Amino acid sequence: MRVIRLIMNILIVAFLLFYVQLSAHEDRGETRCLEKERRALLKFKEGIEDDYGILSSWVEADDYCCKWRGVRCSNSTGHVVALDLHRVRTGAYQPLRGKVGPALLELQELSYLDLSDNEFIGSFNIPEYIGSLNKLQYLNLAAAGFIGTPPDQLGNLSNLRTLDLSRNYALTIKNFNWLSNLSSLRHLFLSHVNIISSTSLGWFQAINRLGFLIEVELAWCGLHDEVASFSDLSINSSYMSSLAILDLSGNSFVNSSRYQWIFNYSSIVSVDLSENQLHGLIPEEFVKMKSLQHLDLSFNQLQGGIPKSFGKLPKLRSLDLSENLLNKHLSGVLYNLSGSYMEKSLEILILDGNRLNGPLPAEIKQFSSLRELRLSSNQLNGTIPSNYGDLPNIEIIDLSWNRIGGALPDFLWPSLSLRVLNLRSNQFNSTIPQTIITLSKLEVLDLSSNQLNGLVSDMHFENLSKLKHLDLSFNSLVLKVRSNWNPKFQLDTLRLANCKMGPHFPTWLQSQRYLSEIDISRADITGTIPNWFWDMTPSLEFLNLSNNYIHGILPDLLFKFGKYPRLDLSSNFLGGQIPQFPPNLTSLSLSKNRFVGSISFLCYTSGFLSYLDLSENLLSGKLPDCWMKLKQLVVLNLANNNFSGPIPSSIGSLYQVQALHLRSNSLEGNLPSSLQQCTSLSLIDLGQNKFSGRIPMWLGVSLTNLVVLSIRSNNFHQSIPSELCYLQMIQIMDLSMNNLSGTIPKCIRNFTAMAQKGSTKPTLTHSYYYATDSSSLNDTEYADAAILVWKGRESEYRNTLGLVKSIDLSSNKLTGNIPLEITSLQGLVALNISRNKLTGGIPTDIGNLEELNFLDLSKNQLSGMLPGSLSLVSHLGVFDVSDNNLSGKIPVGTQLQSFNASAYAGNLGLCGLPLPNLCPEDKRKTVPECNDQDSENAVEDDFIYSSFYVGMGLGFVVGLWGFLGLLLLNSSWRVAYFKLVANILDWIFVN
63 MRVIRLIMNI LIVAFLLFYV QLSAHEDRGE TRCLEKERRA LLKFKEGIED
113 DYGILSSWVE ADDYCCKWRG VRCSNSTGHV VALDLHRVRT GAYQPLRGKV
163 GPALLELQEL SYLDLSDNEF IGSFNIPEYI GSLNKLQYLN LAAAGFIGTP
213 PDQLGNLSNL RTLDLSRNYA LTIKNFNWLS NLSSLRHLFL SHVNIISSTS
263 LGWFQAINRL GFLIEVELAW CGLHDEVASF SDLSINSSYM SSLAILDLSG
313 NSFVNSSRYQ WIFNYSSIVS VDLSENQLHG LIPEEFVKMK SLQHLDLSFN
363 QLQGGIPKSF GKLPKLRSLD LSENLLNKHL SGVLYNLSGS YMEKSLEILI
413 LDGNRLNGPL PAEIKQFSSL RELRLSSNQL NGTIPSNYGD LPNIEIIDLS
463 WNRIGGALPD FLWPSLSLRV LNLRSNQFNS TIPQTIITLS KLEVLDLSSN
513 QLNGLVSDMH FENLSKLKHL DLSFNSLVLK VRSNWNPKFQ LDTLRLANCK
563 MGPHFPTWLQ SQRYLSEIDI SRADITGTIP NWFWDMTPSL EFLNLSNNYI
613 HGILPDLLFK FGKYPRLDLS SNFLGGQIPQ FPPNLTSLSL SKNRFVGSIS
663 FLCYTSGFLS YLDLSENLLS GKLPDCWMKL KQLVVLNLAN NNFSGPIPSS
713 IGSLYQVQAL HLRSNSLEGN LPSSLQQCTS LSLIDLGQNK FSGRIPMWLG
763 VSLTNLVVLS IRSNNFHQSI PSELCYLQMI QIMDLSMNNL SGTIPKCIRN
813 FTAMAQKGST KPTLTHSYYY ATDSSSLNDT EYADAAILVW KGRESEYRNT
863 LGLVKSIDLS SNKLTGNIPL EITSLQGLVA LNISRNKLTG GIPTDIGNLE
913 ELNFLDLSKN QLSGMLPGSL SLVSHLGVFD VSDNNLSGKI PVGTQLQSFN
963 ASAYAGNLGL CGLPLPNLCP EDKRKTVPEC NDQDSENAVE DDFIYSSFYV
1013 GMGLGFVVGL WGFLGLLLLN SSWRVAYFKL VANILDWIFV N
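Residue numbers (this note's numbering): 63 to 1053.
Hints were generated in silico from the structure; no laboratory data involved. Accuracy of the hints is not assured; some may be wrong.
[Unchecked claim] Taking lysine-lysine and the DSS-like style, the derived pairs with C-alpha atoms no more than 25 Å apart in a straight line are:
id, residue 1, residue 2
1, Lys808, Lys921
2, Lys350, Lys374
3, Lys107, Lys161
Treat the numbers as computed from the prediction; the structure is a model and nothing was measured.
Please construct the entire structure, taking both the sequences and the accompanying hints into account.
Pasting the structure below:
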């Protein structure tokens, strides 16, 4: 019995050990998968390009395929039921590539398949065999790079509940017959897929047949009003009764009457019609949607205000009408939202970017549930009402970019839930109240670009331990803190531009470990940058220390900063050699310092650099020949240095460069022909160098986007190539101070931009993208500047550069006439063709250039008269025609007589004001100057004229006294005469 009992105990222990081991395998997902399916997975892997080892666990020797990455099996059957290979985001972009082979057809129990966010790019359509995986309930092929049209076989997936084909930008859907067969579908995502449904079954009819749909996303699909006459469609109440989320954003709907069908779905909870082209008034019919909680109509062209019926929506929590054309008084807008339901339900109200006006209404207090209030970029004025601090749940207040003024209110600070306060770009003109310390939950504080003044101390931030974003820039504030201040917050963004915080470098920054952005420019900081600053925060992506008084030498910065840093150290007194910077640098400005030596450090960058400004330093040597590494560069400014030698040919690799500033160096040689590959160039400034040769024809043929072309003060020679006339967008052309000869091309009439009066943009901007640490791209704009010679001196134009239209051909050896075609350039603001050898007359229609402010034709060999049409040019500020062979009278105009006589000097034949010598026709109106013969004739004439007037006077006197004598001597005549006079007087008074 003991033996039997011992054997039984051993068996029980063995069974328990086996059970525990089996359970452990199952808990670890180590169910032994079916061999057939394991082979299928390995076969599938053969067609995949796995550059990052995502499928490294899929190996032949491992029988437990259920533990492979992305594979899940059924614990009971061992079948593979889920395959999740969506791109894994581990801080880097790591997609799978290649071809989705048919091996997956062996996984007949597969119910979940996710291949999203990979790069199956090429000639790969969505495989037809996927339609045979009839157990599929979840299919996600979003952003996988598929092209063509979805196969009709997808319609066989009758068990499918979720289908996501979104973000396959080369995918086109021409009919929806297959979609209408997916009777179990709950979630449909087709955003960013091109939908062409003018024939066969349209998208609306298809989704209208799917009675269990909960969520539909058709954003950015190219849909428009003509796809279907929605107003003619009858909605079957048995269909789509469960539809809750509808996203039609980013399409081309124009007429609000074409989406009236939406109002028939009372089950809809969220509607997104943003970024369409909707215009007119907001329809009242939204009131029918009793379940509506979220409505987004932003980025359209809707006008007027909010319908009063909106106040009756019982569940509306979020309303976004930003970036429209709403132009009502804000108080009226809020009045139409006020209602017993809305006042309790509304949590988010976004009205940014409209034309709403008037002061902030006190009625805002009625919306007791309000968490977000965004009213930025409107035309609001007045002050902030006192009851804005009484909103108990308010978390975000954004009133930026308005005209709200007065003092910053103390009453805002009781809003203890406030996380974001943005009052940027208004007209607040007080100090910052110290009561701000009560906002203990504040994360974002932006008071920049106001008129705030006074002292800001560390006590203002005493309780703001959660603060992450602080922006007080562009005010008149003085930041004064204790030398040992240790802030309780850990900032991500610090912007204190124009806040006076010097003279010492702020030591309290040493406590900040997570800063990604620092701007303490124009802060009156002197001295050197302490060594600890460079090691302070490895995540720093943006640093601006410009316009201070910082001196010293920069250390080696190769391993400093975040992943894609942007640095601005311009306008200081930094010197020495430029150190090594991180290779992933995206923006660098060291201009207006004292750096010396070469710029060879550029050859060690990795090609992310978009903006580079090293101008106004003491840099020298030849330009490096490694520009092929900087293919992302958009702005390159090396002006005002001591660079020498030719431009290397590799500069032609800058395919995206838009601005090239090499002015004021000692560069020489011909322009490299590779530069014609930089077809995005809109500004070239090569002035004040030693370039020679002919002006290349390809400047006009290949660089047709040029707006500014300046090669002033070089050694270019021969004629101006007529190919420059292809530059239809050119607004500033400066070819002055060279050795150019020949005539001015008549084809300049093709300068289309110069022929148009005015300009739509006051600045010349360059748009470019820069990478961030989150592996995304942000876009930014840079307003460029150019140096123009105006009134005899060089001036920099930036904020008005886009308004200037100028031609400067002065100080060359040009011959021939001024072409008549120049008078067609009616937008010209400045024309300087002085100091040449031009002959002939000034075009008679030069008065067509009514926008001219600067006209210099001096020091040529021009002849003939000044055209009378010059008097039509009423904006002239600079005018000079001196030292020519002009003759005749200076036209009388609104301004021509106001210029100094020196503007006309050196033209012996000119006469009239403001010159001292009068014209002959003017002399007869003054005392004449005569010779001897003329004097005799004049005396004779004077005698004749005098005798005539004396005789006439004597005759009048004799005749008068003869008449009076007859009246005295003859009484009957006297009575008759006075009677006649009396009758005449009576008639006059009566009539």
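Evaluation of the provided hints:
no.	hint	verdict
1	Lys808 <-> Lys921	21 Å, holds
2	Lys350 <-> Lys374	9 Å, holds
3	Lys107 <-> Lys161	9 Å, holds
Violated hints: none; the structure is consistent with every hint.
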